[in-house]
Each structure stands twice: as structure tokens, then as C-alpha cells.
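**Student:** Required output: the full structure, derived from the provided sequences and hints.
Each chain, letter by letter, is given below.
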Amino acid sequence: MSHGHVVVIGGGGTGAAIVHDLVLRGFTATLVERGELTSGTTGRHHGQLHSGARYAVGDREIARECMDEVRTLQRIAPEALEMNYGLFIALTDEDVAFAPTFVEACEESTIPTREIPVEQALRMEPNVNPAIKKAVQVPDGTIDAWRLPLHFFATAKHNGADIRTFTEVVEILSAGSAVTGVRVRDLATDREYEIKADMVVSATGAWAEKVARLGGIHIPVTPGPGTMVAVRKRLNNMVISHLHPAGDGDIVVPQRGLSIIGSTQWKTDDPDTVEVPKADIDYLVKRASDLIPVFSETPIHAAWSASRPLAGASSNVEDGRKMSRDFIAIDHGTSDNLKGLISIIGGKATVLRAMGEKTVDMICSLFGVEEPCQTAETPLLPHRAFYNSRLAVRPQEVSL
Amino acid sequence: MSNATHDPATLAEPALRTVVFRIERKQRAAADGSGGWGEYEVPVKGHTTVVDALEWIKNHLDATLLFRHSCHHGSCGTCGMIINGVQKLACTTNVIELVAAAEEAGTDTTIEVRPLQTMTHIGDLAVDPTPLFDHFPVGASYLRPSEANKKAEIPEEIDHYVRFENCIECGLCVSACPVVAIRGFMAPAPLAAYNREIDKRPERADQLLPEVDSDEGVWGCDRHLNCSAVCPTGVYPAKHIAMLQKKIQKRRDG
Ligand SMILES: Cc1cc2nc3c(=O)[nH]c(=O)nc-3n(C[C@H](O)[C@H](O)[C@H](O)COP(=O)(O)OP(=O)(O)OC[C@H]3O[C@@H](n4cnc5c(N)ncnc54)[C@H](O)[C@@H]3O)c2cc1C
Ligand code: SF4
Ligand code: FES
Chain A
0 MSHGHVVVIG GGGTGAAIVH DLVLRGFTAT LVERGELTSG TTGRHHGQLH
50 SGARYAVGDR EIARECMDEV RTLQRIAPEA LEMNYGLFIA LTDEDVAFAP
100 TFVEACEEST IPTREIPVEQ ALRMEPNVNP AIKKAVQVPD GTIDAWRLPL
150 HFFATAKHNG ADIRTFTEVV EILSAGSAVT GVRVRDLATD REYEIKADMV
200 VSATGAWAEK VARLGGIHIP VTPGPGTMVA VRKRLNNMVI SHLHPAGDGD
250 IVVPQRGLSI IGSTQWKTDD PDTVEVPKAD IDYLVKRASD LIPVFSETPI
300 HAAWSASRPL AGASSNVEDG RKMSRDFIAI DHGTSDNLKG LISIIGGKAT
350 VLRAMGEKTV DMICSLFGVE EPCQTAETPL LPHRAFYNSR LAVRPQEVSL
Chain B
0 MSNATHDPAT LAEPALRTVV FRIERKQRAA ADGSGGWGEY EVPVKGHTTV
50 VDALEWIKNH LDATLLFRHS CHHGSCGTCG MIINGVQKLA CTTNVIELVA
100 AAEEAGTDTT IEVRPLQTMT HIGDLAVDPT PLFDHFPVGA SYLRPSEANK
150 KAEIPEEIDH YVRFENCIEC GLCVSACPVV AIRGFMAPAP LAAYNREIDK
200 RPERADQLLP EVDSDEGVWG CDRHLNCSAV CPTGVYPAKH IAMLQKKIQK
250 RRDG
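So the sequence lines, in the order shown, correspond to chains A and B.
Going by numbering that gives the first Met the number 0, the first sequence runs without a break in its numbering and finishes at 399.
Going by numbering that gives the first Met the number 0, the second sequence runs without a break in its numbering and finishes at 253.
None of these hints come from the bench; they were simulated from the model.
There's no promise every hint is true.
Only pairs whose alpha carbons sit at most 25 Å apart, straight line, appear in this in silico SDA-like list of lysine to any residue [claimed, not checked]:
#, chain 1, residue 1, chain 2, residue 2
1, A, Lys232, A, Lys195
2, A, Lys195, A, Ala375
3, A, Lys133, B, Lys149
4, B, Lys57, A, Arg212
5, A, Lys277, B, Leu60
6, A, Lys132, A, Thr91
7, A, Lys132, B, Leu65
8, B, Lys149, A, Pro129
9, A, Lys133, A, Ser334
10, A, Lys209, B, Glu155
A few chain B residues facing chain A, derived, Cβ under 10 Å [stated by the list, open to error]:
#, residue
11, Glu23
12, Gln26
13, Thr63
14, Asn83
15, Gly122
16, Glu196
17, Tyr235
18, Lys238
19, Ala241
20, Met242
21, Gln244
22, Ile247
23, Gln248
Here a beta-carbon is modelled for each residue, glycine too, at the ideal position from N, C-alpha and C.
**Tutor:** Laid out in C-alpha cells, this is it:
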């Protein structure tokens, strides 16, 4: 018997992990996405599987969570990752002086580091700036931004979740101070209809403010777009990062036949109308060339941007922050007197599973049910199983 | 994060020119008498892609426009369309380059966009790619050894550098294949996936080769080579079909 029906709004990585966790824990779940799956921020992110090294100096807890999830994803979705490790490289004396702080912070966050002698580092990554002064290896990698979430969607669908694309939520329905469902528009037919729900979860990232407004709630979220530039050659196999306090344009992520530099960050009013600033492209190519000099001579393949949700100050946001340092889960029942609505904002593609776990933990406690999370131990189905159940066989399960 | 590049002036650079897009929107035809096509004027910059232009239309002119997109850098495979008559990824197709090509050829600079054939139509330019996955091999790995910096040393923790397969499952090859249009054929991308899998795991040859040894499989290919011409990631499906044919022949010959 189902514990209840939950509607998840938003088909990015966060929605994918939530809907997968919900059906595993015995809920009935429907996910609605206004476009194709991962057409918001998720599909466009930089594609870095974060060991957490980038965050360790600033926040050990976030870094440790990344590392835990890298280990978990390697078990449950190895085919969605290029697991080639990463090198943090020091370019200046200042960077070299920063290295011990960096290594110590990584160790305190359970991130294994290894200093690689410069000559060896250059043998591992021949295109890296030959003037590097130090190199530290960490367990970074590359994510397929579309196919990792698709692993979650495929498994959720296989387990009975109802996933509807090109379906936009136009109103969050309520009676008194409790949510009763959503009103959606099927964008292919222009037909509007209602979906009844015991609980509604908004996993709409940079769109969280717009969606909360459909239920009459205000959450201060400013979209913070960032640009990435890909060149048409795979120059590196490991993720190459600048060994310095995290900043703009300091990571080159390889993926398939590409190398990708990212990112920048600015602010905008509307996540739908973001364009790529030419100045960003020039700036990023220049920064990439500090790390990998041939980057600037390699033809540009694509330049694009994606929006982070930057949460402002308000009492509901402060309530939500208590859940995790990295993302915000707001129970609007306690912070805005609208029961049965939750908003999830922030996080990282790397920690999507953990975000799903914490969100569904919150849902379980609101429903008063006790169901342990199983997603860390449940191998996911291959991405192609989303489209064809015959393909729900993992490569390692093939019998000859 | 600090950033010196972002004063508002640099964000708002001027458009280079206005380009007309003619978009097939079949399901609107009966409703609005438009004949199933919509025309839109879009301001474009040097780096504007067709996907950027479609987003601009959706946000500024007609919010009902449907199309698929996700990664915006040619890796997910969701944005395949027929652009000026050719199967392309909208996200890596530069608008100014299309216009320049038309001007050079002395033809109309209007950009015509239609949905991919051979997939299930959802609306406007959006299709459901399910048919593409009908004939993929079961249990095929999506990873392969990386060819970049071949002689490079590797981290102690791994056997070799890996990367995702080239095929991004965009279906451009399937839509461009004249055989798919006229008779039952497993289609280029799935057949290429068979050959990749057998190359990576030769122990699966006995199991997989019989699955493609038929007139709907590798022997259905008439070598039009459209698939290899349109593939955005250099898979060259026709080459993989020929290699499968050779593998089958070799097994027959003993
Ligand atoms: C520039 C940049 C680079 C990044 N790089 C990395 C990286 O390298 N590694 C990493 O781990 N993380 C990275 N991230 C973070 C990561 O991308 C995000 O944390 C993650 O993708 C957020 O996913 P989400 O599902 O919460 O949001 P989204 O993916 O934005 O999903 C929200 C969805 O809601 C949908 N939606 C909105 N309104 C409605 C409505 N009314 N009805 C129905 N659906 C609706 C949208 O269409 C959208 O698909 C990066 C982020 C940015 C901005
Ligand atoms: S073989 Fe090429 S054209 Fe065909 S689906 Fe794969 S990437 Fe697309
Ligand atoms: S949007 Fe991913 S390939 Fe074009």
C-alpha cells in the first residue's frame, strides 16, 4: 500500500533523485517537468564530479558530503561517470604556499590526496602548463549531465513513478492552509488539468521563486548564471583545477572529445532569458590557457550558461538552511503556514542522491512513516532503460 | 565568487543582425490558419546558436514553442532537428554561419527548422526518441578507453583513462537514413553500438552477431552514407556497419 501521493515539480537532477527515492520508500510519485528532462540547470552544468576538494578549505562538511557521494555514485551509476581523478596545480608561489592548507582541509574531509611530482604530473597530463610548481591528485571525475539523472529517472519509472515532460505547473492548489495538488498545462495539447496530491515538492532550482509564487508564497531566490566554454578536442583526461581559493574560470573538465572551462557568475532577474556574454567567453579562454596553454589555440565548440539559484535572506530560507549547509529544504507548513508544500533549492549535481535522501527523510517525517533510505545501496538502471525496458540490464550483469 | 568581467555593459552587447526563422509547427495549423509554419525575427550575435535563437523566440515572442534541449554543447543528444534541410544539433549550429553560407550561395537567408523524422512527434520541434532505442544491444557499456594523450601516465587507482562513447544518441543518423524511411531496418546508431560493444568485449560476439545478421540488420544497409555525413560526433555509423558485416563474414568463413 502506498504511503501517499507526492507530486514533484522539476525534472532536473534533484527531482530525479527525489522521485527515485520516493518510489523505493513506498510512495506513489508523479514528476512534472515543463520541458524535456534536465532542460533547466542540470543538463547544462560543468560536468564535474566533485570530490569536494574545491570546497574543503571553505566548508569541510560540504566537501565530505561530496566525497561520500563520489564513492556512492561509483557503486550505483559507474557508467554515468568518467572516473579519471583530478589534479590541482599550483602556478605561483602564492599557490604553493596555499597547498598545505588545501591538503589538510581535504584530509579532514576524508578526501584522499596525493602529491604528484611535477615531472610525473606532466607525464600524466602533457598539455598542462609546464611551468607548474606543484600538483596534488584528488578523486575528481566527469559526470554525463544528462545520463546520470536519466539513470535515476529510468529506475524510478521502472519502479512505477509517473514522469510527465512538457507539462508545466500553472497553479499550486490548496484548501484552507493545506496543499491539495497542482494544476498543470500539457504543453503539447494546450490542455489544462489537475493532479491531486497529498504533498507537493518543488525541485525547481533557479525557478523556485516563480513556482512558490504559484502557491502564493515568497522565497527570495535570485538566478545566478555562469558561463562555460568547450573546445573541440580532449586536451586532458583528469579534471585540471587551479590550486588556489575557489574562483572563476579555474577548472577544466574533460568530457568525450571535449575540454570545458568554467565558470563565471553574475546575477539576473529571470532564469529564462539568460544569454551568453561575449566577454565571458574571452575571459574563460584566457583563464583556461593559464592551466592548459593549447586551450586558446583549440577551436571553440560551444559556449553556454546555466543558472544557480542564489537564496537571499528571509525567515523561510533561514529555516530551510538548517537541513544542510549546501542546499535548502523549506517545509512551507512550518515557515509559511501552507502544509504539504516543500521547496528544495541549491546543492550540486554530484550530491543529487543525498539531496533526494534528505528531502524524502523530511517527507517521511511529515507523513509520520518510517522507511529507511535505500538509494545508496541500490544500483541504478542504465540510462537507455528510460526509453526501453528491454535495456534494463547493466553491462556487468550480461551473461554469455 | 569574485568577477571582474561583469559590469552590465559587457552583458548587453548589441545584436549583429536580425535573422528570420521559419519553424514547422504542424499542430498549430488548424487552430490559427498559419499553414503549420511560424515566422519569427530574431536578433543574433556572433556566437548565437539555433538553440539560443529558439530560446529567444520562446521567451520573447511565443511561449508555446516546443523543442528539446538540455546540455547546449553537443553532448546530450536531445536537440536534433532538420535545419535548412539537413539533420543537425541545434545547440552547435551557429546562426551567423548559416546566414553567411546562404548569402554566399545567393539563396534566401531565412532559416527553416523542422522536427526530426522517424521519431514520435510531440509537438512543434519536439519529438519522443523512444523509437531510436528499439534496437540497441542489451547490456552495452557506455564507457570506452580515452584516446587523448595516449602515452600518458595514469593515476595509480585506475587501469586506463576512460570516457563516454562518442554516440550521444541524437538520432540524426536515423532521421537521415533513406533505408529507415522505406523498410524495416535496425538503423545506423543501434548497429554502431553493436560493433562498439563487440570491439570492447569480443567475448560477446557469439551472442550479438546473430542479432544483426539479417536483412533488417547489417545486410539492410545500402551504403548511402548519409548517417556518417550528419553524425555530429564522428561516430561514422556506416563504417561500424561495414565492420559488423566483415565480422559476420569472417565467422562464416571459419
Ligand atoms: C554554471 C554552473 C556550473 C555547475 N557545475 C557543476 C558541476 O560541475 N558539478 C556539480 O556537481 N554541480 C554543478 N552545478 C550545480 C548543478 O548544476 C545544480 O546544483 C543542479 O543541476 C540543480 O538541479 P535542480 O534539479 O535542483 O535544478 P534544475 O536542473 O534547474 O531543475 C529545475 C527544473 O524545474 C523545471 N521547472 C521550472 N518551473 C516549472 C514549472 N512551473 N513546472 C514544471 N517544471 C518547472 C525547469 O524546467 C527545470 O528543468 C553547476 C551549476 C551552475 C549554475
Ligand atoms: S551515431 Fe552519430 S548521428 Fe547517430 S545517434 Fe549516435 S551521435 Fe547521433
Ligand atoms: S542540447 Fe545537448 S546536444 Fe544539443
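**Student:** Look at each hint and say if it fits the structure.
**Tutor:** Here's how the hints hold up against the structure:
Taking the CA atoms of Lys232(A) and Lys195(A), the gap is near 49 Å; set against the 25 Å cutoff, the hint is violated. Taken as a hint, the Lys195(A) and Ala375(A) pair is broken in the structure, with Cα atoms around 30 Å apart against an allowance of 25 Å. Proximity of Lys133(A) to Lys149(B) is assessed by CA-CA distance (about 23 Å); at most 25 Å being required, the pair is judged to hold. Between Lys57(B) and Arg212(A), the direct Cα distance comes to roughly 21 Å. Compliance with the 25 Å bound is thereby established for this hinted pair.
The hinted pair formed by Lys277(A) and Leu60(B) meets the criterion: a straight-line CA distance of about 24 Å does not exceed 25 Å. Using a Cα cut-off of 25 Å, the hinted pair Lys132(A) and Thr91(A) holds, with the two alpha carbons roughly 7 Å apart. Distance check on the hinted pair: Lys132(A) and Leu65(B) sit about 51 Å apart at the alpha-carbon level, beyond 25 Å; violated. Between the alpha carbons of Lys149(B) and Pro129(A) the distance comes to roughly 18 Å, so the proposed pair stays at or under 25 Å and holds.
A C-alpha spacing of about 49 Å is found between Lys133(A) and Ser334(A), which places the hinted pair above 25 Å, so the restraint is violated. Proximity of Lys209(A) to Glu155(B) is assessed by CA-CA distance (about 48 Å); at most 25 Å being required, the pair is judged violated. Below 10 Å, beta-carbon pairs count as interface contacts, and Glu23(B) has none with chain A, the closest being about 15 Å; its hint is therefore violated. At about 8 Å, the closest approach between the beta carbon of Gln26(B) and any beta carbon in chain A falls short of 10 Å, and the interface hint on this residue holds.
Of the supplied interface hints, the one on Thr63(B) holds, with its beta-carbon coming within about 7 Å of a beta-carbon of chain A, less than 10 Å. Among the interface hints, the one on Asn83(B) is violated; its C-beta lies about 20 Å from the nearest C-beta in chain A, farther than the 10 Å criterion. At about 4 Å, the closest approach between the beta carbon of Gly122(B) and any beta carbon in chain A falls short of 10 Å, and the interface hint on this residue holds. For Glu196(B), the interface hint holds, the least distance from its beta-carbon to any beta-carbon of chain A being 9 Å, beneath 10 Å.
Proximity of Tyr235(B) to chain A is violated relative to the hint, the smallest CB-CB distance being about 13 Å (cut-off 10 Å). Hint on Lys238(B) is violated. Least Cβ distance to chain A is approximately 17 Å, over the 10 Å limit. Of the supplied interface hints, the one on Ala241(B) is violated, with its beta-carbon coming no nearer than about 22 Å to a beta-carbon of chain A, more than 10 Å. At a threshold of 10 Å, the smallest CB-CB gap from Met242(B) to chain A is about 20 Å, leaving the interface hint violated.
Below 10 Å, beta-carbon pairs count as interface contacts, and Gln244(B) has none with chain A, the closest being about 23 Å; its hint is therefore violated. Look at Ile247(B): its Cβ only gets to about 18 Å from chain A, farther than 10 Å, so that hint breaks. The beta carbon of Gln248(B) is not positioned within 10 Å of any beta carbon in chain A (closest approach about 22 Å), and the interface hint is therefore violated.
The structure shown violates the earlier hints numbered 1, 2, 7, 9, 10, 11, 14, 17, 18, 19, 20, 21, 22, 23.
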